[in-house]
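Undergrad: Hints in hand, dock the two standalone chains.
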Amino acid sequence: MPSALAFLLARLVKLIGAATDALEQSYPDGVAAWQQEIARQLARYSAASLMAGAGVDTLSNEARVKVTADLAYQLKFLEKFGIEIQDGETWQNGWNSRAASYANSIKVPYWRGAVKMLPLPAMPAEGTNCYGNCGCAWEIDELDGDGNADAYWRRAKDDSCGTCIQRERDWSPVKIRGGVLQV
Amino acid sequence: MTNGLAPPTAIQGDTLPYPSSGAIFGLALPWLASAPSAYTDLPTYWSPRRDWALANTPHKEDMWAAAVTIACTQFAAHGFTIKDSNDSTRRVQASQLLMKRANGGEGWVPFALKVMRDLLTTDNGVFIRIKRAGETTEKIRVKAQATVAGAQMGAFSEASVTIAPAGAKIDGLYHLDSLRCMRTGNLAYPLRYMTVQGMQQIFRWDQVLMYADQPSPRAELFGVGSCAAGRCYKTISAVAAMTQLMYENLTGGGANKLVFLQGINDPTLQAILQSGKADAQSRGLVYYLGTILGAIPSDTPISSVEVRLKELLSNFDPKQVQDNAYMIYANNIGVPVQSIQPLSGQGLGTGTQTTVLEDASKGQGALPAFLKWWEQTVSDRVLPATTELSFIDENDMRDQKLRAEVQSIRANTRASQIKSGEISPAMARQLAADSEDLPQEMLADDATPGGQISDDEKAPSDARPNPAALALIAGAPTAQPPHATERLGEGGVATKAKADDEAAALLDEEMGWAKRLGREARRHA
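Which chain is which? The protein sequence lines are A and B, in order.
Using our numbering, you'd call the opening residue of the first sequence number 1 and step up by one each time.
Using our numbering, you'd call the opening residue of the second sequence number 184 and step up by one each time.
So that you can see chain B by itself, here it is in the shape it has in the complex (with noise of 0.2 Å):
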């Protein structure tokens, strides 16, 4: 991992001294990190409260856990890549190290899984820590109210503070637990951090990332957000208590109705029960009883009346709401509806719904978004000026052909523009480095200083042609190429030479009958 040393840490107080001081919090965490016991309305917006209940509705409802998974080890496995535009191969290395390193050597997967988590199921969003080289943890005396999510108010006299030169080297990326991280509202300061052990920690801007899907534009509540998991809250809400009522239906558990029997005795009915018991037990059932028999001896009619303590509408449908249900995670998240809820069995269950529902969901929801966020903050705050990264989706085999083919058509525009001469074979392998259609190795001389840029690449920094560029010009086409295109076009510069050149020759070639005829013509005239 860091060949042998120990990876550091990002926040004194994160980590404990010993190995034995995790006994603690090993048993003090069932406590601190369980969720609220029942689906109630949530905590007012917004609220540390607020997040704390939303951040364990994964543990309420399977289906909503499993489309929060989905996502998380989408962005997890994402391949990304990281260019530079100076072809330098050490910050390129420097800046996946920064990644493949991340949370003190943890790896890019779990920082990956953890910030994808807290996007998803925390108003407050996403804080990532940036910790630069020669960093120094001060202590200052302070007095402010502070907040911890699933606290009460406090107030805290010391905090801590840390320090690096200006402009030192960024040399780790940690994650920050969203339920300990308040914002300030202060420009220079805006993060304030309660780490494990109760210290309050507090955060220049340019040591914390932070990011919430659907940002509030009220100014005071300095960017929170609205995760996916407070959108669809009521839905996941709906969902878990169907499920409840399913399991507690299946297994015996709850009552949903009272019923009064007359006519029969109390000690005659519990022993008819417990005969039922030990028979479905001799016939090794768990939950079902089947119908219990008994045979009263008595001339009395039995009557019953019966209570009804709680039941669904009679129209209800449970299959219509889990797929509203799916419909309205997979929408919040941005995640395609059937990763989450698989098509078949289903009228439209095909390949063509499949691609054409991918397609409607790319760039929608906060995972999209947040690829985008991610690329253009780490490319801009976190990697070297020159050095960007992006996020490809190495999985998808459908993006890989869309990709071959747009390489083909850039291919081929690059064969024309040869054989009109508008540009050399040079200039088409240098165009096809740019566009990555020729790995930038077999490139001699890169003429290209910053590549092409798009919405998040960074502007190169010398527009100026380089040499190799010039050199590339000294040795643009001046006439037509050797294999000119073999059809005639309309007015094109290469056919109209290779016109020219074959009309010159014929008429070298034929000059002599030429001669004879027109003297024949003359005769005749």
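The shape of chain A in the complex, shown without the other chains (with noise of 0.2 Å):
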């Protein structure tokens, strides 16, 4: 796992961890608090990550764009387990780890930033079967030309999902050509 999003992903872990202990001190009282804290969070580190991964310092409109259309597909799971909890009569073990999950959403801004914004069909973690748990990467061989280049669905971990093994198979190399990805 590349360094930047190792030390991004290990504050967010904290910090979602610490917010979700504090929830279950108050529980039943606090959920809507702690929903909006943990949306903030992800705001906040699914931009960093983004721009970490790019090596800059602000967002185009395109990075923005897509950088909102992640987070807001996460704050629709972050409402639904806030109900959820909401709706449940006692804590149950399992909301922590559920919670600290979120923090593996970052990953995917992260690997936009990383590939420049490349039109590549999917970032690790985004459609896997290991969810947030995915450690692939894309690897990218810049060619001549403007906007050429062949990507590399590359596995880090030896006991992938389906989904990555086939993206293996079947993405390596993906051709964009000329900024348009060939399908």
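The reader is advised that the hints may include incorrect statements.
Stated by the list, open to error - Derived DSBU-like pairs: lysine-lysine, alpha-carbon spacing no greater than 30 Å straight-line:
#1 Lys698/B to Lys14/A
#2 Lys80/A to Lys66/A
#3 Lys80/A to Lys602/B
#4 Lys584/B to Lys555/B
#5 Lys157/A to Lys175/A
#6 Lys555/B to Lys266/B
#7 Lys14/A to Lys116/A
#8 Lys116/A to Lys157/A
#9 Lys266/B to Lys314/B
#10 Lys698/B to Lys66/A
#11 Lys314/B to Lys417/B
#12 Lys440/B to Lys502/B
#13 Lys352/B to Lys314/B
#14 Lys116/A to Lys698/B
#15 Lys66/A to Lys602/B
To be verified - Only some residues are given here: those of chain A computed to face chain B with a beta carbon under 7 Å:
#16 Ala4
#17 Asp57
#18 Leu75
To be verified - Here are a few chain A residues that face chain B, going by a calculated C-beta distance under 10 Å:
#19 Ala6
#20 Leu42
#21 Arg44
#22 Val56
#23 Ala72
#24 Gln74
Hints are computed from structural coordinates only; laboratory data are not their basis.
Cβ atoms here follow ideal geometry from the backbone N, Cα and C, with glycine treated the same way.
TA: Structure follows, in structure tokens:
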């Protein structure tokens, strides 16, 4: 895992863990505040993750649209999770780890930035059976010519899920020519 | 009733010119309207004499009379609504007056009671005269056989025919005595009617409504039916006979056995009986004599021989006969059995059973079918093209509760549609008015020409949206409503838009922190 991503991920996991522990103490009160805090951290770290991946200090319009969509996708799940917690009668042990798993969602914007917003079919941890535990990466081989590249799906774990194995077969490489994905 | 004006009569000859003219009918009526003297087999199906016997069945059996009364009053007390798809108050008012002033101003209730009585107790069925404005009656010479219920076949040479201008406004509905009506089998003039004064009158197809319960498929009967009284005539007769037997048994009338006594002479026996009666009278008893004790100064032994004249079978159970009869009455008429026979005292006499039985009886029997026919026919042939009549059972609290529940479901559906951005609040108000959840007068512009259509409603004349509908369409929601659902669902339009907005706002707020974090992360790289 790239060290910048690992740094962000570790901090976010701690933050979410602390917030969730606090919620567990105050449960059943504080669900809305907890939800607000997690959403805020996800927004902060998603944007930071994309910028860290791209090695830039600002977000382009295209990057902003993408990271907004990624964040909105996670907020939908978070909303449902919040309702589930609110409707529950007692605190469930699984809720802490489930809350921590939201941190993995920043892998997607990181890789969007890392591949310089290339129009790749999917990012690691996006649409895989291993969800946020995905350890895969894109390896970009930039070619001569504007917007020409070959991208390789690389697996870093030996217990990859079926989706990742299939992607490695199918997407090694995927060709981008003139900034357009060749299918 | 009619602002002091005398109500017009439908049939010339059915009303008499002077108040004193009715005297002769007053004298003759008990004979004319009397029922056949005893219960015998019904006259052959079908003949006017058969209907004469059937029409008199309520005079013969009390519970049958009660069942007929219940059905008649249920129909008469049924609330009805009149709607106009163009929201014309004038047409709705005129149509309502037509019902309220039925039978020349007598009103809806007497009209409905007579109609229902004919429906239940005559095979010939129901006949309703439609009177139009500007009618003129002419006498024509005819040569035909006339048959009137209760009378012999006869000939007549003159009949009156009423002529109205084509499409003339209908200004009255009148019940016609079914026993005086004869189906002609002629499509243009399907009915011949004999007035009280004996005049024959012929009605054109658009001047009369005819209906019979269970109409016969035989062509030669021209739609004569099989009424509820005819379908349970044997039961009515059996219960009536049983009741009569009990009555005579209790009141001392009728003999059920002969007893021959040996060893006592008649004067002695009569003296003993007289003595017993005198003793009972002195105690104020009318029917009951009790045991009469008489001392006979003789040493001759008294012997007797009994000859049974009539008696019921040893296993005869009157209660079972009655219960079966009530069930048969209820099924034939189409009312719940518990409205004839109270459930109290029975094993399952509960509110649940009442509900179940009432549900089961809905849509069965003569009454529900007639209600449907009346709604459809009056809407189609009597009321203006855009006006329709429908019955509502306003006395049934359970029905009201069910309607309230359905209204609540519709309201929830509209609320969901607004939340999802499918419709606007204005559209929801229009939908609410169409389904009568919102009074029509609370709608500024009604965009629905014909409202919703069911099997007994009329199709709207113009399917194109009117200006009010176009205004509604123009005001359809193009973005998610301000108060979209608080809870996020999977893939909902409003929820997705809300999540996008929320995410964008959060990103804006957190961008400063994000930049610092990004830089820090890059330093760790």
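Undergrad: All hints, please: hold or fail.
TA: Quick rundown of the hints versus the structure:
1. Lys698/B to Lys14/A: holds (19 Å)
2. Lys80/A to Lys66/A: With Cα atoms ~22 Å apart, Lys80/A and Lys66/A stay inside 30 Å; holds.
3. Lys80/A to Lys602/B: holds (18 Å)
4. Lys584/B to Lys555/B: Since the Cα atoms of Lys584/B and Lys555/B sit roughly 22 Å apart, the hinted pair holds (cutoff 30 Å).
5. Lys157/A to Lys175/A: Status holds; Cα separation ~24 Å.
6. Lys555/B to Lys266/B: holds (16 Å)
7. Lys14/A to Lys116/A: With Cα atoms ~28 Å apart, Lys14/A and Lys116/A stay inside 30 Å; holds.
8. Lys116/A to Lys157/A: Distance ~24 Å between Lys116/A and Lys157/A Cα, so the pair holds.
9. Lys266/B to Lys314/B: Given that 30 Å is the threshold and the Cα spacing comes to 22 Å, the pair holds.
10. Lys698/B to Lys66/A: This hinted pair holds, its Cα atoms lying about 17 Å apart.
11. Lys314/B to Lys417/B: Violated - the C-alpha atoms of Lys417/B and Lys314/B are around 39 Å apart, more than 30 Å.
12. Lys440/B to Lys502/B: holds (24 Å)
13. Lys352/B to Lys314/B: holds (9 Å)
14. Lys116/A to Lys698/B: Answer holds: Lys116/A to Lys698/B is near 17 Å, not above 30 Å.
15. Lys66/A to Lys602/B: Holds, at roughly 27 Å.
16. Ala4: Cβ of Ala4/A sits 4 Å from chain B, so the hint holds.
17. Asp57: This hint holds: Asp57/A lies near chain B, its Cβ roughly 6 Å from the closest one there, short of 7 Å.
18. Leu75: Because about 5 Å separates Leu75/A from the closest Cβ in chain B, which is inside the 7 Å limit, the hint holds.
19. Ala6: Nearest chain B Cβ about 8 Å off; hint holds.
20. Leu42: The hint holds - Leu42/A has a Cβ within 10 Å of chain B, the shortest such distance being about 8 Å.
21. Arg44: With a closest approach of 4 Å, the Arg44/A hint holds.
22. Val56: Holds, because the Cβ-Cβ distance from Val56/A to chain B comes to roughly 8 Å (cut-off 10 Å).
23. Ala72: holds (4 Å)
24. Gln74: holds (8 Å)
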